Every structure is written in structure tokens, then in C-alpha cells.
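Place chain V on chain U using the hints.
For reference, the chains in residue letters:
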Amino acid sequence: MDTIKSNFQKLAEQARKDGAKVEMLVTGGEALSIGYSKRKLESFESTQTQMAGLRVILGANQGYAYTENLSEESLLRTYGEALNNAKTVQTGETKPVELVKPQAVKAMPELFKPEEIAMEKKLEVARLLEELCLAKDSRVTNVPYSGFNESVVFKRILNSEGLDQEFKQNYYSGYTYPLAKDGENSKMDGEGFFARKFDDINTAEVTGEGVRKALARLGATQLPTGNYAVVIDREQFPTVLQMIHDYFSAKEVHEGKSLFKGKLGQKIASDKFELIDDPFETRGTAVRPFDDEGAPSQKTVLFDKGVLKNYLSNLEYANKMNLPHTAHASRGPASQQAIAPTNMVVATGDKSLQELLAAYDKVIHLAGFEGGLHAGFKQSTGDFSMPASGFLYEKGQNKGPIEQFVMSGNVLELLRDIEAVGRDYNKPGNSFICPDVLIKSLSFAGA
Amino acid sequence: MIIQPHILSKALDAALSTGADFADIFVEDTYSSQLTVLNSKADQAIVGQLYGAGIRLFFGHEIVYVTTNDLSEAGLVKAALNAAQSRGTGAASKSMPLMQVPFDSVHTFGEKPWEMNRDRKFKWLNGIDQHARARNSAVTQVEAGLNEKFQRVQIANSRGLMAYDERAYSRIRMQTFVESNGVKESSADDEGHMGTSEVYDQIDLKALAEGAVDRAMLLTTAAYAPAGDMPVLIDNAFGGVLFHEACGHGLETTGVAKDSSVFCGKMNQKIAHECVTAIDDGTIENGWGSLNMDDEGNKTKKTTLIENGVLKSYIVDEMGSRQTGYEITGSGRRQSYKYAPASRMRNTFIAAGKDKFEEMVRDVDYGLYAKRMGGGSVNPGTGDYNFQVAEGYIIRNGRIEEAVKGACLIGRGIDTLGKITKVSDDLKLARGMCGSVSGTIPAAVGQPQVLVSSLMVGGRAK
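From first to last, the protein sequence lines are chains U and V.
In terms of our numbering, the first sequence is numbered consecutively and its last residue is 532.
In terms of our numbering, the second sequence is numbered consecutively and its last residue is 536.
Simulated from the structure, these hints should not be mistaken for laboratory data.
Do not rely on the hints blindly, as some may be mistaken.
[Said to hold, decoys possible] Computed cross-link-like contacts, PhoX-like style, restricted to lysine-lysine with a CA-CA straight-line distance of at most 25 Å: (1) U:Lys346 - V:Lys258; (2) U:Lys123 - V:Lys332; (3) U:Lys266 - V:Lys332; (4) V:Lys115 - U:Lys346; (5) U:Lys172 - V:Lys223; (6) V:Lys332 - U:Lys207; (7) U:Lys348 - V:Lys258; (8) U:Lys180 - V:Lys152; (9) V:Lys412 - U:Lys253; (10) V:Lys340 - U:Lys172; (11) V:Lys493 - U:Lys266; (12) U:Lys266 - V:Lys186; (13) U:Lys394 - V:Lys258; (14) V:Lys186 - U:Lys172; (15) U:Lys207 - V:Lys412; (16) V:Lys115 - U:Lys172; (17) U:Lys266 - V:Lys344; (18) U:Lys125 - V:Lys332; (19) V:Lys412 - U:Lys125; (20) U:Lys298 - V:Lys332; (21) V:Lys258 - U:Lys352; (22) U:Lys123 - V:Lys340; (23) U:Lys207 - V:Lys152; (24) U:Lys405 - V:Lys115.
[To be verified] Now the stretches of chain V that chain U is said to cover, found in silico as 3 or more residues with beta-carbon under 8 Å: (25) 267 to 280; (26) 367 to 373; (27) 451 to 458.
[Claimed, not checked] Quick list of the computed label-pair ranges, beta carbon to beta carbon: (28) V:Gly509 - U:Phe197: 54 to 60 Å; (29) V:Ala281 - U:Arg297: 48 to 54 Å; (30) V:Thr295 - U:Asn287: 40 to 46 Å.
For clarity, every value in this text was computed on a predicted model and none was experimentally measured.
Yeah, the Cβ is synthetic: ideal placement off N, Cα and C, and Gly gets one too.
Bound conformation, chain V alone:
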């Protein structure tokens, strides 16, 4: 899928025909595949293609966006004219001559999803099923799936940029159900990266399967979590989802430009404990949230958001930069051509600190160790958030003791940032899917273990 430059230029000129001061075109051809093994049988195979273009016009701070599935010259020009005529009444201008940005990927891909032998893929999935069943006879069901996506995009804009990019994603996921002494529980886990699927030959899928079974079994005997304010030690890797939700979204210019973020007007001010440095990095090789260029054709960057507690940068896309004056960070992202891009996170994490995990545990008299976080949400206007704890333990007298279930963490982002009092030296990243205005996109979250001195834990009243 390469649309010829002269066609893109014609469409861009059509977009600029009624007074828009900027236009861009995002063309996409995406192959997706989903294979599922359910109860030791190949249960599901779906493949498909997304094929379309989104054309965006700026009239000052106003955005006009249209989409089409017709990628012919006539189709693209017609869509661009419709967009232009829907709003504009001004004078026409011409786009700059298109100059191709060399395609230079920092990521390495192996066999494309449609090239790889399916037997190899099913071998991984069947392996997960077998390892889970062998782990414990209480397993009643195992579902394992492989989701692959290969996206090819072409972007051109009226400033003369023309760029091409390829993004591959692969994620293997599993869910297991167990029943023990009449109690049913379930647990899930996944592995994957921005890249192709050969990586699973190197990943310990046995450990993945057994870990999920063990966690589900643990829950069959766990008591409900207690309720109240207490110190909470949040584990590394996916524990970073809390920062992502509670703070990261508030740093996106999508919210900042509307004055709807609690972080508005706080640039260069102290917004967190000095032990907190936070980074949003779009450049990590084969990183889950990495991109060579963002969905506006801008090169992605490594952006320090918070340095030693001080706010250093927002997460800025084209329109965000226009509205706020801050420099673009290469953060314009979207799920597909069906969505106009918005400022979004990439690989967002709290940087490693100096504390040792064991010492952090020892410092807690009574609290919660949130080893695995589950789902959650944030109110973007206020920063109020909530998160499920998928695997949690009570810390008593400096020791991690019994497992508890049903715990939920509740707080306000900016308050919690100030209460992170210790950050360990063991940084890990994990994969997440982030949903917001421009759709659901892969975004990595991460952190070292952090100690929040006091956090509201929702459990069950006794």
C-alpha cells in the first residue's frame, strides 16, 4: 500500500481549498489475526483487514476530520473536498511539495503474521493449555490466544512531510479457571511485544501458565481484603498502571489545553515527592508502546515528564502544541484511521530509585502489598482514580503474609504522587491497552516497586 505522491498532493490541495491552514492524510492497511485454543482444541481463527484513510484539517484551533474506505485518487480527493467544504469558506492555498522521510526502523521484525506457519503458533497455545492442566488437577478450563497485528501506514501533510511506517504487534494471552472445594476462581496473564511472534520460542510459557494457575488457586482460599487507609507497597511492572491512569492522562495536552487537568499551569513546579522521576519514552527498541514515528508523522522522543518531583513536560501532539505552545513530543496516536489522533502516552514509567524492595517491606508495620494490579479508571477532570488489586497480600510487622482478594485502591493522582515516599531500584515495564479519545492503543506502563505512605484500600466491611 503506497499511495502515489501526486495523489496525496491533490487530496491535500483539496483539503486546503477553503481556508484550512494545515491538512494531513493517514492511510492504513492493517492485517489482524486471532487464534484461540479453548480446552485443548483449536477453537477460533479470525483474520481481517482494515483499509482506509483519515483526512484532517486545521482551521486555527478547529479540527475537521473525515474518513473513507475509498483509497483511489477520486475517493481521497472527494473525501478531502467534503471535509474542506463542511466548514471552510476562506481562500484556497497549496500544500508544499512532498518529501519522503526515509523509512528507517529501530525495531526488528521476523516473519510477518501471515507468513508464519500456523502449526508453530498452535504449538505455543497448546503448550500453555498443557502446562496449565499439568500444574493442578483443579483446573477446569484453559483458554489461550494469540493476537497479531501488522499495520502499514503512510502519512502526508501540507507542510511537505511524507512518511511510511510498519508496526507489528504480538500478544499471547491466557485465562484459566479453577475449582477447589466448591470455590471457583480465575486468573489471567499475557506476554508479548511490539514485533512478530517468534519471540515466544524464547519466552518461558510454562512459567506463564503455571503462574496463572497458582494465582487462581491462591484466590480460592484467600480472605477478603480489609478496608481503610494504610501504607500500600505497589509492585513493579504493571503496578505502573496507577501512574499511567492517575497522572499520565492528566499530562496529555488533550486535557491540558482544555484546562481540565489538575496539572494545568504547574510546569516547573513540584508536583510529586522528590524521589519520583517519570518518563514517557517512545523510542525503546521493540517496546510495546514504541513507534518509529507517531501517527502524525513526527519522530517519537524520550520525554522526561517529571524530574525529581518537578513537572518538566506535557505529552504534546500537533494540535496540543498549537494550543499550548509547548514543543511536540511525537505523541500523536490513534487506534486506526477511524480516529483523529490525540496526545497519548507511549512507554510511560517511573524511573528506578535507590531503595531496596526488602527494606521497603521491612518498613511497613501493617499495610497492603499490591503484587498485581487489575483494571481501573480515572476521572480526567479531577484525577480521582480507582484500581482493582488482582493479587494482594497483607504486610504485617515488616513481612509479607496472607493473600487477600477483592481489594481496590482509591485516590487522587496528585495526592498520591506526593505520598510516594520510596522507590526501589528494580524497574520493569509491562504491556497495557489504553483507551481514550483516539481509541484503544498499545501503551507500556512501568515502575520500580513504590511505597505509598497512605492510600485508601477498599475491601469488605467486617
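Only chain U is shown next, with the shape it has when bound in the complex:
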């Protein structure tokens, strides 16, 4: 028996004596990060991490504690703290919280294929992420941010019902952000990659795209204020999905925080909008065979022709709200359990990007949200006013870059106003898998 298992059994034994249930989530891994700057190796970081998070259940109450010291003594102390926390919490509920029972999960061995790659090859990828940008165009004067990462991560869950599941994956990622200058005008943009095999890394493609994006921003003008049709680029639509990300959580619905509360089975989005949650989609970074309390993953339909079909649940909220158990428990060792989607996959349509951009006389191709969600989205109302950049199209022709404008609206209205969906997906590298999306009208504040 391995040390983690034998230590956990001592916790489970103690929990039985205390009349409690216990779950241990252990995560960790190894990461290598390499960065070049001014054509010299700048940083080389190698980190190993491990952390155990304990959840102790006393009837309807749950307490949490975590530690990075995985010795038996430390884990027993941490268990004591979690038990104490469970005694502190008073939810007022009477129905006991259950742990997930041992069940078969889908094996996903293809996600853990460590490769023997010589260090020189990894250094070369990191070097090229800067070098190829500098070599590509004389207007690229500097690459302030670039780097290569190699990651091996694992997650293991054990509980006092006898469950013991482990999942490992390894992957490579990287990014490059060239700064392009033309006189006094300077613009930075970039591109990233995500690969499960080293040979799939294409530095020429990544740097080519990064440079193209930075150069395309040069000479941007301001957009006259008004309402415009907009194509949200497939690489940017993830930001819209992030806005609705938490609304699917049964816990958020129960607490009255979700704008989807009371809307199950209703048509609240355009019939062009179809969305599923797919934990088995290997292009996504949220792939997993079981959720963060060990329940086997499953695909869940979220929107079907604009109709909201499901909330997402963990075992506790499936029981509490009498909902299907969709296995969407989500937590890290240092946080309490929440409910969250895995890979959100939007169904494609049949239009090319060019066709979408020619749909109206004037169309904005929205190519960048400048600040992410915290720069202008209010989850409690769905209202957003997001600083953005992109290109103005007139009769399908690119009239040049535009910047320093704010796109405003309400995310529920935006979902209703989806007019068409593109046929090509964004590149892998995050948990949102989506095409270009045409919205018939949104408010833009510019010059």
C-alpha cells in the first residue's frame, strides 16, 4: 500500500471514532518553465508541488483544512482542524451530506504519456518563441513576454466510503507576446499554444500568428459611438462563456445568485445557441474522468436550440434540490467545494468567418477583450461594459483596426441576439471550445 493510502486509512479510522466522514483530495505535479529575453535565457524554473485538502462531514455540516506537509502527523493535525471547522459551521440543514461511493470511471490513459525529450529541445522551443518574432518583421522590436512550459499534474481522491481514484495528465504550453512599433505607435498582442505531444508544437505558426496580431493593431483608430453588428472572434467568445460559467451551478441557483434561476426548460437564448459540457473533450484543458469528489464524469447538455436544459450539480446539491447528479463538484485542496462546468463546447454552424463579417454593411470583428471579466462584468446582473479592440468591416471589407472602445450590453440579451455561428473552432488551450459568433446589435462607445 502506498503512503498516501496508508495515511488516509488512519484518518478514516479516526473519523469513524468521531462519527464523521472524511475525504482527502491530493493534487500536485511538476512544472518546468523556460523564458528567453533579449535573445538570452532569462529564467528556468522547476517546481514540484503537492497539497492535501481534507473535507470532514459531520451530519449536514462540512469543514475543510489543507496542508503541504503530507506526513502522517501533519495529516492527522489537519484532520483535527477540518473536524473543528465542521463543528463551527452551522448550515441549519438536517439532511446529512453524503460522500461519493466507489464507482467505475472511464480510463483516460492517453492523457498521461510522459516523453523523454532532451533539455536542449525544450530550450530551443523557448528560444524560438522569442527569436522567430524578432526575425519576422523589423517593426517587432521586443518580445516582452514569451515562455515554454511543461506540466505533469495529478489528482487523487480518497474517501471513507472506500473510494480511491487517481488521474494524471501531462502537456506542454507556451506563449509569445511581441511588441510592434511604428514610429510612436506601439502595440502588443500575442498567441499561445497547448499540446499534448512535444512534436505537435509549431513555433513558426505560433510566432507567425503572434506577430500578425500585433502588427494588425498598428494604426488603430477610434470607433464612432453607436450600435453595430458584431462578430465575436472564436478566440474571444470564451470571455462570453466565462460570464455565464457560474450561472449553471445548482449551488448558485439555490443561493439566488444565478440569473438562470427559475429558467430551466425555458428558451432564453437564440435557437442558434447549442452548448454542452464535455469533460471527455481532450482539446479542452478541463478534461477529467471524475469530478473533484470522485464521481464519474458525464456529458451534460446545457443549451439545446436556446433552451436551458440542465443545471450542474454535485452530490450534495443533486440531493438537496432533487436534480440529476451531473458530477460537477469543483474544488482545489485549499478551497471548499463549488460546482463548475468542465469543457464548455458550443456547437458550430455552417458559416465561414468571412461570411459572418459580410452579414451586414457594417460589422465589427471583435478580436480582443482588453481586461477580462473583472474589467467590466457584473455577475449579479449580467451587465457588461467591456473594453475591447478589433476591426471594422464594411460590406465584408476590412477597413482597419479600431481600439479604445467599450462594448456594452447584458449577457442574457447577447445570448438571445445570436444570429449565426461559424463553422471553425478556436485553437486548443482552454476549457471553452467555440466558433465565431455573430450578434445582430450591441452598443459600442468610442470616440
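What follows is chain V alone, placed relative to chain U:
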């Protein structure tokens, strides 16, 4: 947690065994606690421990960084050797004998988070819940939380420095949701300091709770902000986040050394209106972004960044000093041992000026009063920034009038610095959490009220 000097020396020697010209070790033992009251009930209690070390090597301008959770002699030496052998092929050198820097804190702490009775903590949180609910029957939900952290660090380097420090942080936060005439809104606020939690006995938590409810209610009837260029009067305290994002990050040597900041090569040049003096001060007693020493073991300083519009200093850490030649300012910071340190801000603010707030309002014919700033971001390569305005009002004919929502400020740091035309005499600081290359760290922002003569306001097109 005190690692014996001979163990640290062995690890440092291992780090220097392949030609590195400098090495340091950062050992951390951090206790964290988070308590939450949701809808009048104790909803959440989490405590935990971070426990590990980061070992950093310099080979000229190249940084090698490794981490380990094994703080035994064997664990630290093995990690240091791995770091050394991953890059170096040069000759070994020895570290200097370690000399302990006396631990002399300028900050005062009370009961440590694990010592204080939990009932006392829940009393504050329940108080916030009750005050918010009593304020207005439109309140549908209140969440109040107390986050506490107690970090103990030990730092040793190959130049012979050995130092120990303790940092306590406490922050009480709340969020309230209201529903009025079918319109839902929410608002949040917080209090806290670098220190322990007894401070909440002195802080008016009732005012905190009521203020948040009132702001949420105000938003239920507010119209959307107009769009366009206009004068913007930015309030004091958290209003300073704009300077932090739009200028402060550009002054960190992390960016300056890479020539990726708009402030590169501008030392001793005028980069702002002469009414602007800006300071980054790591020494304020119990200040949110203060430290006795930074995360490289260097004593923190009070650094004048901009004086009467002229650039006087960057924000400099060990590597930044090596790369740029500027003197270290005690600004090497990191979230935890999991991150190599980088040059980061501490308590950063625009110094008080001479103008009176009331007169500044009177001077505006039509503009926006940004009373509370929300989140935002900056493109470090260009200085382009954007900020949400969490609470804003229209100024019309020299008077603050109706509230507006959904406003967003957009600009470029160096342009905006030149357009600050008035600075009030009422300086206040506020707490922020700053995210960058070395993780998320507590950093105070601050300013007196400032008037920006023209700024792009993103609102909604009519």
C-alpha cells in the same frame, strides 16, 4: 520554523556548485484561515498551511528557480543541487558565512489568527450581516468573510545574509445583493490591514455594511453612464488603483529591464504634470503593502518615484538592479515560495497636493465623478489601461448630480499622467490585491482626489 544556519549554508554551497554567482533560499510556513457567514449562518471554515522553500540561482542575468516541500537537510540540498546541475557547468564557489540580521519589526501584531477565539470573529461577521439586513428590507443576501494569514519566512543568501520575518494580514469583506422593483444589484466592500484581527473592534463595521447596501440600492435606479471624452474627477483612496495599474507597473524593473515599459530611458525626465508626486513606501507601520524586509531579505524603503512630474526612481529588486544598474529599493516580492521574486509595488500613492475637493468639483461643467473604482487591467507593453467605475456620478455645472452605472475609464498611462491637472489635499490609502509575474500580493494604492482634464469614458451608446 527555523532552519539551522549550517543546513542553509550547505544548501547554498550546493546551489553554487556549478558556477552560479549568487544564490538565495526563501523558506515559508504560512497559516491561512477563512471564515464565512452566508445569510446569517456560519457557512464556511477553512484553515491551512503552506510549507516549502524556493531556491534561486543567478548565472549572470539568468535566473534558475526551484521549489521543494521537503525542508529537511537532504531535501534542501537535493533541490539546490538539481537547480545547479540543470543549467551550470562552471566552477564551484562557496557561500559567505551566514550572519543573522536582527528581527526588529516596525509592525505590531495582537493575537495570532489561531489563538483568537472564533466566537469573537463570528461576532464581527454576524454584525455585518445584521447591520446590512437592518438597513434595507430590499436586501436578499449578505455574505461576510474574514481572511487571515500569518506568514513566517526565513531568507538566506550566498552573500551571508540570514533574516527572519513575520507578516500578518487580516481582511474582512462583505457582499450584499438587493432586489428593488424587480431590479437586482450587488455591492461589496472590505476593511483590513497588515496585522491581526483585533482591529475590527475599532472599525465601524456598521457603516461598512450600510454603505454597501446603500450603494447597491443606488444602482437599482441609476441610469447607464454616457460615453465619450470628458473631464473625470477620481476620488481618493482606491482611486489610486489607476496610477498603480497605468504607471506603477511600468516602473517595475521587471518590465524596464526588458525595454518593454513606456517609462524606459525616461529617468529624470518630466513624465507627468508638475502637480504629480508619486511615492512607493514599504515602511508604513501596519500598512497593507508594508514589509520589514522584502522577499529577498532587503530592508524596504520609502521610494519617491515621481517628484513634481519628474521621474526619480524605478521599483528595483536584486535582478533588476543587476540588469539596470539602479539601486535596490527593497521591492522584491512574491505570493509564496512557489514564485521567484520580482520587482513589485508596496504602498503606492500620489502625494497630497494643494487643491480643495469642493473647488475641483466646481471647476467641472460636465464630467464624471468616479467615486469608487472597480476592477481593471493594463497592457504592460503599451500602458493602455481600462477600469470599471463601481460608483459614479455625473458632474453638471460644478455640482455632483445623478448616479450612473456601467462606466469604464480607458486611456494610456503616460497620457493620463500628463492630464492630471489638479490634486487635492486629502490623501487616503486603500487595500488591493495585485497580480503579476510573482503571484498575487497585498499592495496598497492611494491618492488624493485628482482631476483628469479629459479621459475616455465608456458607457452605453444612446
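How the hints compare with the structure:
1. U:Lys346 - V:Lys258: 13 Å, holds
2. U:Lys123 - V:Lys332: 7 Å, holds
3. U:Lys266 - V:Lys332: 15 Å, holds
4. V:Lys115 - U:Lys346: Between Lys115 (chain V) and Lys346 (chain U) the Cα gap is close to 22 Å, so the pair holds against 25 Å.
5. U:Lys172 - V:Lys223: 21 Å, holds
6. V:Lys332 - U:Lys207: 22 Å, holds
7. U:Lys348 - V:Lys258: 16 Å, holds
8. U:Lys180 - V:Lys152: Since the Cα atoms of Lys180 (chain U) and Lys152 (chain V) sit roughly 50 Å apart, the hinted pair is violated (cutoff 25 Å).
9. V:Lys412 - U:Lys253: Status holds; Cα separation ~21 Å.
10. V:Lys340 - U:Lys172: 58 Å, violated
11. V:Lys493 - U:Lys266: The hint holds at about 24 Å.
12. U:Lys266 - V:Lys186: 52 Å, violated
13. U:Lys394 - V:Lys258: 24 Å, holds
14. V:Lys186 - U:Lys172: Distance of about 21 Å is within 25 Å: holds.
15. U:Lys207 - V:Lys412: Holds. Lys207 (chain U) to Lys412 (chain V) sits at ~22 Å (cutoff 25 Å).
16. V:Lys115 - U:Lys172: Distance ~13 Å between Lys115 (chain V) and Lys172 (chain U) Cα, so the pair holds.
17. U:Lys266 - V:Lys344: Distance of about 22 Å is within 25 Å: holds.
18. U:Lys125 - V:Lys332: Since the Cα atoms of Lys125 (chain U) and Lys332 (chain V) sit roughly 11 Å apart, the hinted pair holds (cutoff 25 Å).
19. V:Lys412 - U:Lys125: 24 Å, holds
20. U:Lys298 - V:Lys332: With Cα atoms ~21 Å apart, Lys298 (chain U) and Lys332 (chain V) stay inside 25 Å; holds.
21. V:Lys258 - U:Lys352: 21 Å, holds
22. U:Lys123 - V:Lys340: 20 Å, holds
23. U:Lys207 - V:Lys152: 23 Å, holds
24. U:Lys405 - V:Lys115: 17 Å, holds
25. 267 to 280: Contact hint for the stretch 267 to 280 of chain V vs chain U: violated, 0 residues under 8 Å.
26. 367 to 373: violated (count 0)
27. 451 to 458: Since 6 is at least three, the answer is holds.
28. V:Gly509 - U:Phe197: 54 to 60 Å: 30 Å, violated
29. V:Ala281 - U:Arg297: 48 to 54 Å: Between Ala281 (chain V) and Arg297 (chain U), where Cβ atoms are some 53 Å apart, the hint holds.
30. V:Thr295 - U:Asn287: 40 to 46 Å: 54 Å, violated
Against the hints set out earlier in the document, violations occur for numbers 8, 10, 12, 25, 26, 28, 30.
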